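Engineer: Okay, here's what each chain looks like letter by letter:
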Amino acid sequence: MSSETFLKSEAVGLDPLDVGARIEELKQLQPGWLDGEGVPLPHAGLEWLRAAFDQFYSSDLPLPYLFPTLTGDALAEWSLKPWSPSLEIDLVQHRGKWHALNLETDEEKTEEIDLTDIRGWDWLGAQLRTIAGRTG
Amino acid sequence: MTGATLLLRQIHPTFIQAGFTTSQAFRPTPKDDFKLSVYDGDQITPETSWIHYTTDLELKSAGVAALTVDECAAENLPARPDPEPFPEHAIIDFAGLSAGQCQSKSKKLQAKALDRGWIYQPSDAE
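As you go down the protein sequences, you meet chains A and B in turn. Counting from 986, one number per residue, gives the positions in the first sequence under the working numbering. Counting from 1124, one number per residue, gives the positions in the second sequence under the working numbering.
Bound-form chain A, shown alone (with noise of 0.2 Å):
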């Protein structure tokens, strides 16, 4: 996919960050989309992965920004600061790996998560909004 053709979400007046906005673009990788690395995302987990935040994702969360990996996965970002908080989303095992960075005290958390119920989901609003609480 070239940027020429990376669709942009703001062009069509949604919020930049909108989930399936985004996922829609994530569809159009093709192989070697970095450069001649990177496959593409299972267009199946992205579609899963859009309906388990439409069913789970709390909307007084903040939206993540969402990225593709170099092997297929999504990569969910928030700029939390002084938190950098994301969540590696395995799109065929529907599971999460959970990394909270504080940058400046180096505080870590890891874990992973189940996102094929709600209880995953949970865990993750409450991180969220604990991190957000500590944002302040």
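Among the hints, a few may not be true.
As the list claims (entries may be wrong) - Not everything, but these chain A residues come out facing chain B in the computed CB check (under 7 Å): (1) Leu-999; (2) Gly-1017; (3) Val-1024; (4) Tyr-1050; (5) Phe-1052; (6) Leu-1055; (7) Ser-1069; (8) Leu-1086; (9) Glu-1089.
As the list claims (entries may be wrong) - Covered, in the sense of this in silico footprint (three residues per stretch, anywhere, with C-beta under 8 Å from a C-beta of chain B), are these stretches of chain A: (10) 1001–1009; (11) 1058–1068.
Hints listed in this document are in silico derivations from the structure and should not be mistaken for laboratory results. Source: prediction; values computed, not measured. C-beta atoms are modelled at their ideal positions from N, C-alpha and C, and glycine is treated no differently.
Here the structure of chain A is known, so what remains is to put chain B in place on it, guided by the hints.
Structural biologist: Same frame as chain A, now just chain B:
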């Protein structure tokens, strides 16, 4: 190369969303052998580095981010010239770090680069 030298990092367009650059852009991929490629800002301007990267190397870059040698050293990431591919090439060395450590270091570099902002973007960039 001094502590104040800017290390110029080309950012792939897929690694940017709404002006935010993923931490993945600040850590080496498996083919990089733990070495993050950058340009030595003492030897080349940000704009010229972008032209070299996109034209001579025919790789994609939506713009140039930067870190100083001292900022990398503060994370125990040594930077040094590596003129083998081309004279202005340098590397930030992640050797010996686990995947988790690479992830944490890349988040620290990401934050510093985002605080600094783009030091070059082509005129048709988002």
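Engineer: If a hint holds in the structure, say so; if it doesn't, say that too.
Structural biologist: Against the structure, the hints come out as follows:
1. Leu-999: Nearest chain B Cβ about 11 Å off; hint violated.
2. Gly-1017: violated, 11 Å
3. Val-1024: violated, 12 Å
4. Tyr-1050: Check passed: Cβ of A/Tyr-1050 comes within 5 Å of chain B, closer than 7 Å.
5. Phe-1052: holds, 4 Å
6. Leu-1055: holds, 6 Å
7. Ser-1069: Since chain B brings a Cβ to about 4 Å from A/Ser-1069, closer than 7 Å, the hint holds.
8. Leu-1086: Holds, because the Cβ-Cβ distance from A/Leu-1086 to chain B comes to roughly 5 Å (cut-off 7 Å).
9. Glu-1089: violated, 10 Å
10. 1001–1009: Contact hint for the stretch 1001–1009 of chain A vs chain B: holds, 3 residues under 8 Å.
11. 1058–1068: Holds, because 4 residues of the stretch 1058–1068 of chain A bring their Cβ atoms closer than 8 Å to Cβ atoms of chain B.
Violated hints, in rising order: 1, 2, 3, 9; the structure is consistent with all others.
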